[in-house]
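Novice: So the chains spell out like this:
2 protein chains.
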Amino acid sequence: MTKEIIVFRYGHREIRDYRVTSHCSLVSRALGAKKIIICGEPDKNMKKSVDDVTQRWGGPFKVEFVKDWKEELLKLKKKGYILVHLTMYGEEILQKEEEISKNKKICIIIGSQKVEKEVYHISNYNISVTKQPHSEIAALAITLDRIQKGNEFNIQFKNAKKQIIPSKIGKQVIDLK
Amino acid sequence: MTKEIIVFRYGHREIRDYRVTSHCSLVSRALGAKKIIICGEPDKNMKKSVDDVTQRWGGPFKVEFVKDWKEELLKLKKKGYILVHLTMYGEEILQKEEEISKNKKICIIIGSQKVEKEVYHISNYNISVTKQPHSEIAALAITLDRIQKGNEFNIQFKNAKKQIIPSKIGKQVIDLK
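Here the protein sequences come in this chain order: A and B.
Using this note's numbering, the letters of the first sequence map in sequence onto residues 6 to 182.
Using this note's numbering, the letters of the second sequence map in sequence onto residues 6 to 182.
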């Protein structure tokens with residue numbers, strides 16, 4: 006089953022969050038999400054750097070900014086997306102990954118700053134990837150890997166200009182266009 | 006088999022890399038590494054913020070800074086650590102995770118800036134987590150999860166002052182001391 010996965014980033018401050026939100030976006034793309042929706046300060050530079058990667062390495066992948074997290078999440082829910090909020094306080098991913106991965110349309114919510122209480126209530130699942138403080142980038146990556154069971158490693162990106170040939174040592178890149 | 010895992014971070018610039026290296030460190034700790042060795046500018050604030058997490062949430066976990074990456078990696082190799090360098094150009098993790106996870110002592114190398122060619126040669130494995138550009142934090146997380154086969158979720162941290170009780174909704178934390 007091919008999934009439709011969207012990542013929702015709750016919070017972004019221009020400049021200060023540039024690198025971390027870029028990582029979130031690139032991880033979303035590389036691991037099979039079709040879109041990242043960012044609720045925070047619109048950031049043209051951040052979007053451009055991610056769009057440039059999509060241009061070179063293929064897509065489809067979109068970066069979108071929205072103002073109202075609640076309106077957006079409710080809209081996604083209406084469209085049939087299951088909302089999976091990643092938080093160290095949530096239920097353990099090992100217990101829930103099977104159930105979650107049965108869904109075709111999944112929206113994974115990751116916070117940067119503290120998330121409003123209502124996010125916990127609107128979400129279908131609050132899920133922890135370890136009960137320890139670490140990184141939303143890591144939690145997102147492990148969740149994407151587990152709910153897709155490694156199938157994300159076989160994605161064929163469209164309109165890529167470059168492609169890597171795996172090597173034991175060194176770098177091998179081919180130009181496709 | 007309990008593993009001895011060390012993470013080696015190649016490159017760190019004070020202030021500029023504070024957040025990303027913090028994420029790398031916290032992910033290392035949360036997912037079962039005993040230590041992160043950082044080759045770059047010593048950064049007291051970064052180390053302190055990670056040590057504070059270890060104080061509160063338990064350990065053992067150490068943050069160390071070194072100057073000479075080559076000397077350090079050769080030392081680890083001599084001590085019996087298998088060096089696994091994460092790079093988008095490397096062999097695919099799906100093909101190699103079984104083989105790698107048979108080792109007890111593993112050092113995972115992650116870059117920040119561009120890594121010297123020699124790192125590819127000194128490493129026992131050059132491994133890619135997708136053949137796409139994304140995030141060393143994500144690559145590290147997936148690698149730690151895959152080579153430990155989810156066992157890292159059952160780690161009992163020692164001397165923790167706080168512990169989370171997984172919840173469907175909301176936050177439940179108990180004070181242990």
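Please note that a few of the clues may not be correct.
When chains are identical, the list treats them as one kind, so a pair holds in a single copy or across two.
Listed next, the in silico EDC-like pairs over lysine to aspartate or glutamate satisfying Cα-Cα at most 16 angstroms (straight line) [stated by the list, open to error]: (1) K173 to E102; (2) K136 to E121; (3) K173 to E96; (4) K82 to E102; (5) K154 to E102; (6) K40 to E96; (7) K39 to D56; (8) K176 to E123; (9) K109 to D180; (10) K101 to E121.
Just so you know, these hints were derived from the structure itself, not from any lab.
Just so it is clear, the structure is predicted and the values come from calculations on it, not from any experiment.
Novice: Would you mind marking each hint as holding or not holding in the structure?
Specialist: Hint check results:
no., hint, verdict
1, K173 to E102, "between (32 angstroms within a copy, 14 angstroms between copies)"
2, K136 to E121, "neither (19 angstroms within a copy, 36 angstroms between copies)"
3, K173 to E96, "between (39 angstroms within a copy, 6 angstroms between copies)"
4, K82 to E102, "neither (19 angstroms within a copy, 36 angstroms between copies)"
5, K154 to E102, "both (10 angstroms within a copy, 14 angstroms between copies)"
6, K40 to E96, "neither (25 angstroms within a copy, 27 angstroms between copies)"
7, K39 to D56, "within (12 angstroms within a copy, 37 angstroms between copies)"
8, K176 to E123, "between (47 angstroms within a copy, 13 angstroms between copies)"
9, K109 to D180, "neither (33 angstroms within a copy, 39 angstroms between copies)"
10, K101 to E121, "neither (23 angstroms within a copy, 41 angstroms between copies)"
The earlier numbered hints that this structure contradicts are 2, 4, 6, 9 and 10.
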